[in-house]
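Protein chains in written order, with my numbering: chain A, 1008 to 1443; chain B, 7 to 248; chain C, 2 to 383.
No wet-lab data here; the hints were simulated from the structure. Mixed in with the good hints there might be a few duds.
[What the hints assert, rightly or not] With beta-carbon atoms standing in for the labels, derived distance ranges:
#1 166(B) x 266(C): 34 to 44 Å
#2 167(C) x 166(B): 26 to 36 Å
#3 47(B) x 1242(A): 53 to 63 Å
#4 204(C) x 225(B): 23 to 33 Å
Each residue gets a CB set at the ideal place from its N, CA and C atoms; glycine is no exception.
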Amino acid sequence: MFDERLWTGLLLIVAVVGLSAVPARAQEPGPLAEPKSRNQVGFPAELYSWVIPADNPQTPEKIALGKELFFDDRLSEDGKISCDHCHVPNKGFTDQLPTSMGIHNQFGQRNAPTILNALFSTTQFWDGRAATLEDQAKQPILNPVEMGMKSPDEVVGKIKGIPEYNEKFRKVFGREVNYDDIARAIASYERTQIAFDSPFDRYMAGDRRAISDSAIRGWSIFNGKGRCMSCHGWNPTQPLFTDFKFHNIGVSAHKSDFVPLARKALAILAQGASPEQIDKLAIQTDMSGLGRFLVTKQPHDIGGFRTMGLRNLLVTQPYFHDGSQQTLWDTIDHYNKGGVQNPYLDGGIVPLGLSEAEEDDLVAFLASLTSPEYEQMAKEEYDLQFKRSRTDRPQRDTEAAMGLKGRNGPGLGGPFGDIGPGQSEMGENPALLGGD
Amino acid sequence: MSFKPNQTVGAATAAAAILSAIVILPAALRAQQAPPAHPVPPPKNGGTVVMLCDGKTSIEIKSLKPGEQPTESQGREVANELMAEWRKEHPDEHWQMAQADAGAKPHADPMSQASKSPPATGQQQGDTYASFTSRDYKVWQAETQKFVDEGKRIFHDWKALGGTIGVSCDMCHPDGANTHPETYPKYQVQLQRVALLRDMIDWCIENPVKGKTLDPNDPKLRALEAYIYAQRKGVPLDYGKH
Amino acid sequence: MAARHKSVETKFMEERDRVLRALRNLDRRSFIKVVAATAGAVIAKGLMPPHSFQLVTIANAAPDKASAASGMNGQPPFTFAYISDTHLYERTLNQRFIRAALKAVEDVNALDPQPDFVLFGGDLAQLGTPQQLELGREILKEVKAPVKMMVGEHDWFLDLGEKWQELFGPPNYSFDWKGVHVVVLMSVHEKDFWTARRMTPEERMATVAGLDNGVQSRFEVGEPQREWLKNDLAKVSSSTPILVFSHSPLYKYYYNWNFWTDDADQVQAILRRFDKVTVIHGHTHQMLFNQIGNISFYGMLSTAWPWPYAPQGLPALTIQMNRADPFDQFDACGDGRMEVRADGLVDKIYNLWDRNPVTVKADYLRSRGKIDRPPAPQFASY
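Given these sequences and hints, build the entire structure.
Printed below as a string of C-alpha cells:
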C-alpha cells in the first residue's frame, strides 16, 4: 500500500511538471464519491431532519461545489493534498493507514475517521474538538502536518485565483468567496455520504435471512455478554452504533509515556494553569494520547476518545484512534481482556470472557454492517483478516479475558499493567521484602 | 421520635421474612402453580362435562369429544343450557343475588370490617365478582405478601439470585431504593433501547451480579419484580422519566 | 502461539505475580518481623503511637521540617488521603472489589506531593473473615504513605473484632499531627441482638452486613469509649483543631439503614467546647456533608459501590452526587483527600472515578451554604 502511494505521488509530480496550469487533480473521484441516495433500508429520516443545520441547507449546487473542493489538491500548501488524500471514497472515505500522512510526507498522530455517516455525529474528530462538519473542515486545511495552508486568508486568496470558483460561490452563496462558505460547501457534500442498507438493516427490517446464523449470534453477544451495546448504541431512531461519548478504553496506555504525561498535565491543572498552558504542553510533548482531555481539560476525559460507529468497518481498517489494531479480531481481543490497564480506564471496560467462537460471531455480525457498495471490498478484507486471525493474535490474552490472572484473578496482581508505578515501588517498601 | 414505629415494624417484618423464606414460601409457590380446581363428574356418554361456576351444576355436551375445542356458538349454547339447568333447580332464586349471598361485603376499606359481624346478606351492590369476605381480602393480602417476601429473599441473597461474585441486589438498592419501577417503560442507556423493569433486573443479574439472565416467566424474576414494585407503593407512575 | 505473542501486560503480570506469590508465602512470623522492624524504626523516631498499625516507608515517615518551619505558627497546612469501604471478599469469589481497592491504592500513591498519611475508613472486608482482612492488609501494604486504620462493622461482627485487632491493633486511638489533635473512634458497636436469637457468628455478620433488615441494633460509640474520649480530650485546649475519624456518621441521618450513631448527641456534646471540629466518616458510600454547630462532617466514598441517598434525613447542606451508571463499576465510587488548612479547618476533595473531582470547602459548610457551593448534579436520587 505504501509503495502504491509513493508511485501515485511520483505520477502526480510528473503530471504537475507536464502541465502549465496546476490542475484540480490528476484523477476523477470515481462512482463511490457520488452523493448517496437517502432511499436506503435503515436510513434514519427523523434523525436526518435534525442534523441538517438551518444555516446551511442542502442544495444540489452547493453539494456539487463542495464535492469539487473536497477533491481539489489546490486547497493545500503544495497543491498535492486534497481532503480525499486521507478520506478516499474507494477506502470507505479513510486512507486505511494507521495514522494519516499529510503534506511533505508528514504523519499525524491519529487515524483518519470515515466521512460516511459523519453528518450524524454530535462532534467531529476523535477528541470532538469541532462541533460541526463546517468547523471540522476548516482545521485540516490549516494544519501544518495535513494540508499546510498558513491562514484562512491564504486559502480564500488561492480559491479566488481560480475563476470558475468565483462564479460558483457567487451562485451558491450570493457573495464573494470566504473561508466559512468553503467549509459550508464541503460540509454539504460530506452530508451526502450516507451509508445504511446493510444486510443487518434488512434483517432488522424483517428479512430474517439477510444475515448468517453466526451474525445473529454475534448480535446477541453484542447486546449481552460482549457489553458492546452500552457504548456502540443502536436503535431505529439513531442506528449508528455509537453513543458519541468519550471513553478511555486503554488504547493510549499501549504507550509507556501515557500515564506520566497524564499526571503531568493534571499537576499543571491542579496548580491553576490555564487551558492554554495545557495546549502548549500538548504541542511540545506527545500528548495526543490524552484525547478528549486536551479539549475539555477535565480529569475524567484523560485518554478518552469518541466512540466510533461500526458500519463498514471492513473498509476502514486499521482500528482505534492510533490505528494500532490491524484486524477486527485484534480489536475484540483488546476489549475481551479488559483493555490495557491505566489509572483512567473507564470502569465499564472489564474482561468479557468471550470464547474464540463468540469472537468469530461478533466479527460476522460486524461484517453484516457493510453497505452494498462496499460489499466486495469488505469480503476480501474479511478473508484477509480471518486468515490472519487464525495464526496471528497479538492482542489475545485468554487468561486475562477469563479473569484467571493478573489484577482480575486469584493472583491479585498489579493494578495497572505495564505502566503503573507499583512495580518499582515494591522493592522500597520494607513490609514487602523477605518471604521464601 | 418518628423512627420508632419504623424500628418495630422493620424488625417484625424482617424476622417474618427470614422465617417465611425458609418454611412457607416454597409451598406458596407450589400453590401458585396449581390453583384449586372443582372436580367435574365423569362423562356418561363419551362427551365433555362442563360445570357452572357455582361448582355444582353440570351438563354433558355429547357432540364434543374430550380434548376438542367448542366453537363459539357451541359455547353460547352450553352457557344457556347450564343457566337453564340452574334455574330449573333453583326456581325461586335470582342468580346474581344468590351469588352475592355467598358473602357480600363492600369494596371500600375491607380490613376495617374484619372485627365487625358480617353484613346481612343481599344488602350490598354485590355480584359474582365483587362479593368477597374479609377472609378473601386476608388471603389475597397474605398471598401477595408471600410473593413480595419471596422477592425480598432473592433480592437479598446472591446465591438464590444465581450470582457468582457475592453481589446481591440490596448491596446497591437497600429497601429497593433507586430501582424506580415507576419510571418504566423508559429508554435505558445501558441497553440502548426502551426497557421494562424486568429488562433492567436481567441486565443487573448479567452484569454487576455476574449471573445468568432469567426468563421473563421465571418465578424468581416475577418475585423480584413484585418486591421492587411493593417498595414504591403510592409513588405515582411516571413512565419515561430519567 | 501463546508464548510468541505474549503481550506486554502478560509479561508484566507474570513478573508481578511472582513478587506477590512470594508475598503470600511470607509466613506469619517473618511478617511480624518485618512489621516490627518497620514499626520499631518509626517509634524510635517518636513519630507514631505504638498501638496503631502502620505500614511505613521510612523515607516518607520523616516529618517535613522545611515546610513545618514555613507554616503559620508552626502549624502548616497538610493533606491526608483516604481509602474507604473496600468490602473485599475472598479473591477466589470476587475480583471486582479487589480491582477497585487496588485502583485507590494506585491513586493515593500517585499523589504528588504525597499525603502525610492515608486514612483507611473501615469496612475493609465484606464479611470479616480472616482471609478477607488479610487480603485487605496485603493490598494496603502497597500504600506508600503511612496508613491509619479504622474499623467498620463488616470487619468486626464475625469475631467481634478479634482478627482485626490482631492485624491492626486497638480500634480507637488518638495522635497529634502538625498542631491538630486526631481521634480515631470505633463507632460501630451494637447492642447484643444475636444471643437471644441464637445466631451463629456468620448469621450475626450477615445481619449487620445488610442495611435494610431492621434486625440489628443501631451503631453506637458506647459509654466506655465516650469516657475514653472525654479523658483523651481533657488535656487538649479548645482552640486546638480536632479531627475525628469514625466509620458511621456521628449524627443521625437515616435510622432504617443504620446511617446512624445512636449516641451521636452525647459524642457531639463532648466535642462542643472546641472551636473547630471536623468529622470524617465512612459507611455511607456517597458524597455527604453536614454542619452541626461547630462540627463539620464529611462522608467518604467507597471504592466498591455507591449507596443511593436515603429517602429521608439527608442533611440540607449535602449536594447530591449524580446517580451512578451501573455499567461502569467505578462510577460514583472513588477515594479522596483532605486539605487541612493553616487554621485547622478542612477542605475535602471527592475524587470520583470517571467523573470530575468535587471539592467541598470548609467555608461552604461553616457559612451554612452561603459561599463556595459545589456544583449541582444533573440526576439527583429518585
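Okay, the hints, checked on the actual structure:
1. 166(B) x 266(C): 34 to 44 Å: Distance hint for residue 166(B), residue 266(C) holds at roughly 40 Å.
2. 167(C) x 166(B): 26 to 36 Å: holds, 34 Å
3. 47(B) x 1242(A): 53 to 63 Å: holds, 57 Å
4. 204(C) x 225(B): 23 to 33 Å: This hint holds: roughly 26 Å between Cβ atoms.
When each numbered hint is compared with the structure, no violation occurs for any of them.
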